[in-house]
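*Asks:* Each chain, letter by letter, is given below.
Number of protein chains: 2
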Amino acid sequence: MNQDYVKPDNWSIIEEGFDVERVKSSESLFSIGNGAMGQRANFEEMYSGPTFQGSYIAGVYYPDKTRVGWWKNGYPEYFAKVLNAPNWIGINVEIGGEKLDLFKCKSVTNFRRELNMKEGWYQRSFNVVLTNGIEVSVKSTRFLSLDLDEVGAIKYEVTPISQDVEVVFTPYLDAGITNEDTNWDDKFWDTYDLAHKGNTAHILSKTMKTDFHACTGMLNQIFLDEKATDIYPKVEISNTCVKLNYTLEVPKGKTATVVKFGGYTVSLNHKEEDLVTASSAVLKQASESGFEALLDLQKNAWSKIWEMADIAIDGDVKAQQGIRFNIFQLNQTYLGKDARLNIGPKGFTGEKYGGSTYWDTEAYCIPFYMATKDQVVARNLLTYRYQHLEKAIENAEKLGFTNGAALYPMVTMNGEECHNEWEITFEEIHRNGAMTFAIYNYHRYTGDYSYIPEKGLEVMIGIARFWHQRATFSTDKDKYVILGVTGPNEYENNINNNWYTNYLAKWCIEYCIENITKVKEEYSNDYKRIIEKTKLGEEEINAMAQVAEKMYFPYSEKHQVYLQQDGFLDKELITVADLDKSQRPINQKWSWDRILRSPYIKQADVLQGFYMFEDKFTSEELGRHFDFYEPFTVHESSLSPCVHSIQAAALDRMDQAYTFYLRTSRLDLDDYNKEVEEGLHITSMAGTWMSIVEGFGGLRIKNDRLSFSPKIPKEWKGYTFNVNFRNQILKVNVSQEGTSFNLEGNQELIIYVDGKEINISPDTLITI
Amino acid sequence: MNQDYVKPDNWSIIEEGFDVERVKSSESLFSIGNGAMGQRANFEEMYSGPTFQGSYIAGVYYPDKTRVGWWKNGYPEYFAKVLNAPNWIGINVEIGGEKLDLFKCKSVTNFRRELNMKEGWYQRSFNVVLTNGIEVSVKSTRFLSLDLDEVGAIKYEVTPISQDVEVVFTPYLDAGITNEDTNWDDKFWDTYDLAHKGNTAHILSKTMKTDFHACTGMLNQIFLDEKATDIYPKVEISNTCVKLNYTLEVPKGKTATVVKFGGYTVSLNHKEEDLVTASSAVLKQASESGFEALLDLQKNAWSKIWEMADIAIDGDVKAQQGIRFNIFQLNQTYLGKDARLNIGPKGFTGEKYGGSTYWDTEAYCIPFYMATKDQVVARNLLTYRYQHLEKAIENAEKLGFTNGAALYPMVTMNGEECHNEWEITFEEIHRNGAMTFAIYNYHRYTGDYSYIPEKGLEVMIGIARFWHQRATFSTDKDKYVILGVTGPNEYENNINNNWYTNYLAKWCIEYCIENITKVKEEYSNDYKRIIEKTKLGEEEINAMAQVAEKMYFPYSEKHQVYLQQDGFLDKELITVADLDKSQRPINQKWSWDRILRSPYIKQADVLQGFYMFEDKFTSEELGRHFDFYEPFTVHESSLSPCVHSIQAAALDRMDQAYTFYLRTSRLDLDDYNKEVEEGLHITSMAGTWMSIVEGFGGLRIKNDRLSFSPKIPKEWKGYTFNVNFRNQILKVNVSQEGTSFNLEGNQELIIYVDGKEINISPDTLITI
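First to last, the protein sequences are chains Z and B.
Going by the UniProt record's numbering, the letters in the first sequence line up with residues 1 to 768, in that order.
Going by the UniProt record's numbering, the letters in the second sequence line up with residues 1 to 768, in that order.
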């Protein structure tokens, strides 16, 4: 069943009513994060029902030993796993001698969760009758601070309804946690110090093997009837857990409150010996501000994010809620401050998928971050890959490539490969092209060329070398071919001449050579350094150029389309429309061989290439390829519909564009794939943003300028979005009547609208 | 390093000198088996050095939970694993208060092992000086009885050399054993009863999940100076182990002997409640005969096997030893008495590879068993697959096939699939064709058609249905294609139109239809039963015929050869000769993607088809295909060289044929692949037999008659082999001078020699 229990609301995610079956799903949906850490919406108090506990620290991982059925040469020995971190949110609550546990109490009423996306906080409230007959109302509010990103804050309030009661709050820290996802039931954390002082406590622990040290800390404030108390806690310490007990006599109708500040300081950001001091300092700073003041800062910080990133939709609350949820989650996951971090496919909402970084970042997320943040953020994302270049070269060496050829991993945390299916790890090599494309895309959008001589060209050379070595010459075809690959459509494995891969390979080599020339001419110092480092010579460049020039592309004269791969036309070309619905999703219903020999496309493949290189094809060509491939596309990847949506819009097929848009925007909120309990689909959320801005809004970069072809689904009254373009913010408002632009900046901007040049002056509304 | 320490000998495998590094390899090489059970050459006495313990019972397996990195629909949940069974051979020995342990003693001299293949026994002898300074000589002789196939016998003799000593023999049974190969460290055996009585003891245990019950029993006889003693043992019993201690005062120069009869009775062959009685009875029978008499029976039984199966080579001791080792091991593994059993790739010599049955049986082993045993043996091997037909249909259903289509598993014990790599499990479907081919081959050789109406046709129909459904129609080619397969050459995965697979599919359908017609006309009762059971109708038959008729075969006009698969000519066609030796074996040096896009062939593929259907092609065609494919074949499967050897001989290239022959005949004896410690390559041993009989001897069946084209490697003086053909034994002797035939039988036989008809009368030597 789809879980569509979320109440429609423009700015909040709201759940009403308590259902144990929904707990794990809601734990994902109501997750909070601040780019540095994240927290699933687990209850603070004890819960003995089914739950999936998750606290995550950005950049902290564990190299779990690889598990495969049959080992193949080249597989990574270990791969980085997202780690469940020590629990800092726990607050056990005892009421009249009975432990509060929503799974075991007599009744729960008025249960409500709200994730306020506008202001960046999460609240849960309910009335509960315990088995001892006592009734209380509970309200818990929490957030992870954007300002102090090592701190989370919880305000947990209990108000007796039926009678005066004794309430015992036991805020605790617990490092005795486990991962749901572990290959060998390894223990991931080693705890080596627990201490407390007054209302504070901390635990020092480190990850096994990777030796990340973390100080998990807490500082509690206790209030009775909104007045601070000075009760001193009782302390319980075990091997991995420290608990502080506060006992309060609470009159009926009055409220007992614990405010708990907690969080992590980690050795990624501090010296190991300073972790405790740093933790104490930041918790002290938070507590001195107080919960409410810190929350005000939070609201303010989120308001600034929304100013740049919001998309407002008029006339469709569910669509509005959907797009804001996506934008909110992307910002909870990655804020671009730290080039060591990246955008995990589940963000801070679950453990599934080892590693944090896929080609999703380069192909889908960078456009979002470029347009909604300062351009340093996208540059940080590029730098992340630059920092992994050595590892990418090692990775290619494992597969037999030489001479500085680089193959970026399919999935990674620290630059090492985290995946181990040969058809993906060794063959889904198109990912390498996305790295070069992202550099190109960054330059095209920001106009900042400096990244290329400084860092980008080295990456491009490693990648061009890879393609040069990976292509082989077919005497039979008198062309270079690329054999044995998996394209973006992962429902084909080990195929020959995947059009997308071949096209990207050719383009990567050509773009690299073009930039070698430019850097040689215009940045001679950088050029010297790069040539010295890479040992790139004329002969190699010429050989590369030769591969690009003579690259083979499968093409059907009959259909006048590029073929997804050699032999595509040998398939039984039955369209998705003619496929019995009981057979879908095919990845759940069919064995792998059946999927492979079918014509069905998991995710845009040839069309992905048309999306990335739209300028190289006519609109008529796009239409023909769209008509050929769309009928076979099952969109069983969350990354697929956005590309089709953008192309349908470009082809003026707005109904279709809107249908594709709907498939992604509420994917998690309505739990289409019945798996939201495992976590959210973070990276595909950027695709939803693209569907609106690039699809409906028609945003492109043409001749160094912004270009729009605004369209609007007939279901909407209007929508607005903002674009940060070279340090000026352009606000775009599209309605059924027309489009208006408003520039926040200080210099005139020339844009194209439907191909026509428009001059926009700062702070002047222009309507078309 | 190759381990070529085995001494050349015509009839025995001999090792001299003790080397701890060789212990595990020798444990494999000196393994014994009697078709019902098997035993690695582990020491009877305690050994604390590196060892791989293995006792095996035919047909007893454990369904280990499947382990894969990423699950695919259709994988088997569990797969059958070869099980290490309770230890019955153990005899701890204490000499002068010190435990005998060759890993810890002061010195070992005159260490010698002999596996006497002519007579079917294994002996180990040595002199040892213990750390207490005492020197003794030890000799242990053991065999697994062919006559009483639930019994093994050991004669273990200790003779003090330096002084009189106290010797304590502790023969024991131990069910507390483990498997080297287990996915989840599961416990495989549950022991529920241990008992002793006088000189006998037994353990009852059962396998977890599969519930095979086994009674492991022993009966000991103690001798001093060759005289039976009546000392009564002390008994030690633990949870899984029962030990009997015998203490003897042995004068210098005299011999203390324990004769231990042991073995298994299992619930496959007895009622569960009768296991102990059956065990006691058979051990009593053995002990009443006595060790020597039982050994005489053993020699006699092996002599009968050799009478039919021996190949004698004159002028090359190592070749002689090699081929006899192969024939010996095949007979130790499978004797054809029980249609529930099959020929495991490691026989009873190791645990590697789950399951016992591969297409090796049908493609390589059946010819050996047909020619060297009564024809009921080959029929039993066919019946094994008939008994698994229901499971093969279920297996096909898991992959989406319907209506009684059958897909035999890649690897199996009980009919269920035991493998879990999608490119093998789901795609190496050519195995299915081998089942039909074996039926055809059996009929061709034995002339016994009765198997087809009784059992074979049902199997053929299930298989033909599979091919019918598995082929798809390519509008582009106007032909039926078979997409996404792995051929016999496993260095190509998920390829389209593997010539061998397509050819076999077409042939299976045609041969099935041919037999439907024949059975309809000649066996109307069987026909009725089969049609009723299979619900096969005219329409389906016609549709099948259509697929066969319009099957596509990739062909190169330029090279005038069938292509191994679509796109083969796109590869960089660098021959093995031009491949740097440091790159080989490629399966150890290269990552999987590199292997896949290379032209290198692991094992005969197109040529395998030419081998099976030789009659359908001219010698000129064979030569052309051989010349095209052989240069790309790396023979990294032990099953490959035999086919090339046979074809080289057919093409009169005897030097090449001999080179290929050498690659297999001593594969294990000389440990080419440095892995003999894991067990022997049993099934490929049948290929070595084929290389001589079908290759050098040129044996074929033509027009219902035996046909020969005898050739001889120039390195040999002569060779002889025997062929059981339709209940008469033809002895063939090939020398550099000519070939002679001698028929043991009672009716005249017409054979072809080099195409000419020859009449052979019984017991008349004919020389050509």
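Be aware that one or more of the hints could be misleading.
Said to hold, decoys possible - In the DSS-like style, the derived pairs of lysine-lysine whose C-alpha atoms are separated by at most 27 Å in a straight line are: (1) K731/B x K717/B; (2) K72/Z x K139/Z; (3) K99/Z x K197/Z; (4) K72/Z x K352/B; (5) K155/B x K72/Z; (6) K477/Z x K558/B; (7) K72/B x K674/Z; (8) K558/B x K533/B.
Calculated from the structure, these hints are not laboratory results.
*Asks:* Are the hints correct? Go through all of them and say.
*Replies:* We went through each hint and held it up to the structure:
1. K731/B x K717/B: holds, 17 Å
2. K72/Z x K139/Z: At roughly 53 Å apart (the allowed maximum being 27 Å), K139/Z and K72/Z break the hint.
3. K99/Z x K197/Z: holds, 25 Å
4. K72/Z x K352/B: Roughly 17 Å separates the two Cα atoms, so the pair holds.
5. K155/B x K72/Z: Judged against 27 Å, a Cα distance of about 45 Å means the pair is violated.
6. K477/Z x K558/B: holds, 13 Å
7. K72/B x K674/Z: At roughly 18 Å apart (the allowed maximum being 27 Å), K674/Z and K72/B satisfy the hint.
8. K558/B x K533/B: Status violated; Cα separation ~48 Å.
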